[in-house]
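A.B. asks: So you can see what is in the structure, the chains are spelled out below.
Number of protein chains: 2
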Amino acid sequence: MLKMKKIILAPDSFKGTMSAITICGIAERVIKRFFPDAEIINVPIADGGEGTCDCFFEALGGEKIDVKVSGPFFEKVDSFYLLLPDKKTAVIEMSAAAGLPLAGDKKNPAITTTFGVGELILHVLKKGVKKIILGLGGSATNDGGAGMAAALGIKFFDNEGKDFIPTGGTLEKITKIDFSDKLKQLDDCAFIAMCDVNNPICGTNGAAYIFAPQKGADPEMVKTLDENLLHFSKIILAYTGKDILNIPGTGAAGGMGAGVLAFLTGELKSGIETVLDTVGFDELLEGADLVITGEGRIDSQSLSGKAVIGVARRAKKKNVPVVAVCGGIEDDIMEVYNEGVSAVFSINRKPLPFSEARLFSEKNLELTIDSLMRVIKNINKGDCR
Amino acid sequence: MLKMKKIILAPDSFKGTMSAITICGIAERVIKRFFPDAEIINVPIADGGEGTCDCFFEALGGEKIDVKVSGPFFEKVDSFYLLLPDKKTAVIEMSAAAGLPLAGDKKNPAITTTFGVGELILHVLKKGVKKIILGLGGSATNDGGAGMAAALGIKFFDNEGKDFIPTGGTLEKITKIDFSDKLKQLDDCAFIAMCDVNNPICGTNGAAYIFAPQKGADPEMVKTLDENLLHFSKIILAYTGKDILNIPGTGAAGGMGAGVLAFLTGELKSGIETVLDTVGFDELLEGADLVITGEGRIDSQSLSGKAVIGVARRAKKKNVPVVAVCGGIEDDIMEVYNEGVSAVFSINRKPLPFSEARLFSEKNLELTIDSLMRVIKNINKGDCR
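Protein sequence lines correspond, in order, to chains F and L. Reading the first sequence from the start, the letters are residues 0 to 384 in numbering that gives the first Met the number 0. Reading the second sequence from the start, the letters are residues 0 to 384 in numbering that gives the first Met the number 0.
Note that identical chains are pooled: a pair holds if it fits in a single copy or bridges any two copies.
Taking lysine to any residue pairs in the SDA-like style, the calculated list, with each CA pair at most 20 Å apart, reads: (1) Lys106 / Met220; (2) Lys241 / Phe156; (3) Lys5 / Lys376; (4) Lys2 / Asn377; (5) Lys106 / Thr223; (6) Lys376 / Glu338; (7) Lys376 / Glu334.
No lab work stands behind these hints, which were simulated from the structure alone.
Can you build the whole structure from these sequences, using the hints too?
C.D. replies: Shown next, in the form of structure tokens:
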């Protein structure tokens, strides 16, 4: 019988049904029934949105620290960040200070701010952290990160020479940016902004047109927000020499992607690569017998930035088999096998529409992992004949 | 890597989507991609209905012989039977002479006959056959097998002393049965009637009430047909001493189950057990590495007579792992594992209602077998460490 000494669980969430941590929990419980002595390593994949800190905590441990910062409307809110065990790295999810849920019924991307995200960074920097993983996603804002920058000492002036904290609706008032009071420690801290979208900051595929409607903008406001981000980009180019206009991902989280590039020593990186690098996935793979990954929907169309492919590419290099469990499998998935996926299973146990199937997703996942373990455990009797 | 030298494919049909033979064909094609040298043995499971001869032919070969016999309305129809390679056994599916499709738009269980089934038996007996497997199912009749008996020389008389061929609507006219001209060879031939229902011949759970409506009977006709079968049972008891009234399965195929017990040296047997016995499944299992079985819907409720369980119980005795692939998996299936099923996979690759999912069943099955083979082939690298 096949021995399973080490299994890595690295699933993405199934959007709308199960978090990555939930999936890890179910899979671990099932696997233990078949291989009680196996070492199970949980690496739930975060995308930068809500729950990103929890994913890193699940994978690496560390210290989740509660702080009070400004919320989307400059009101005080309870927030948090995660200090990783190395004490040199912290994880911040911007939605913990500027997230849509915090805005409640009042969501309005013209007046919301990322100021609290900057305050979170201030808190983190006091701990002597040298690297900050900043999860973009789930934001209620469209301020291009100007609020965050303001909290970090960067000053924005209007045409009357008055400094102010710009929001999505007032970015067009900026006539000057002054970096002289910018917090010095920022230069010693590297930022990685987790970002799974490729949208540019401006235009019909940009932050305002694509994401502002779900943040409460009507078509007229969208147009204004987009024009304001264009103005903001030009001002940034003038004062920093950085041309952020056509960089993919700068439109993430209301232009926060642009803010990270313009005001911080930062780079934009996919959630999956950030997680895998941070947990040391390549080292974890040493001696692993199996990786179980998964995502809500698998296809061969959009391979980059997807959890399953990111996991598989690394596992392939180490010859570790990868099984993907998915909520739905699209038609042509041959390419995923080339990328290192060994097999793909859907969790759907019956023909049911999604509206009904989603209610059984945890149970269905359990059965799928159960069946997989049964195959691995039982169909190996002839191995060493 | 695991070697797969011998794989047995023994699926039931997925009702409404794929025949057992189709499933075997898809599975074999996929398996060959991964284990080109594996011996693949196809044992598509028949239930006694349409396609039963094809299933036996697929598993055992033999000679399919075309004959002309009487159809449901005593008209001449093209029919056939299967002579197995041992030349001592034949397979007849009664639907080939008395099936619903032959009745077309005129279906009427009061006037249809199983006379042609008797004629098929006559043809077969001329070949010197000693065992006839008679598939019940899909019949357009409700004559209790009286038509078949008449073709074999058994005479039915009315109260005017005139012999006639009773049908569902005229069974009540029988006052006397005469066996003196019954074909002599019948005594040297054993009959196995394949029958997957447990309905008795009479009553609200009997042949007429349960099956006659789909054969064209209105409620009034159902009542008459049921009364006629009761009369028929009493006459049989009087003239043969056989009390068929409360035997499960006598209500199969318009009371044909009763006819087999009353007029032939016959037994009723589930489709799965008949197939497995006839193909010598226990011997086939010797040296097999894997059995793949399956059915449209799997649950723990109705274990007996189901293909998956029948296959698993035998495989368990020989320690051969069994994987079931299914169109739908019901909630509690733990019991199937106790019966010898190693693992169960659903073929549903996406959350879709049955009306849509059924259109993709062949493709979905292919993917499921493909994934299973990938797991078996790829997740065994560490086996012999």
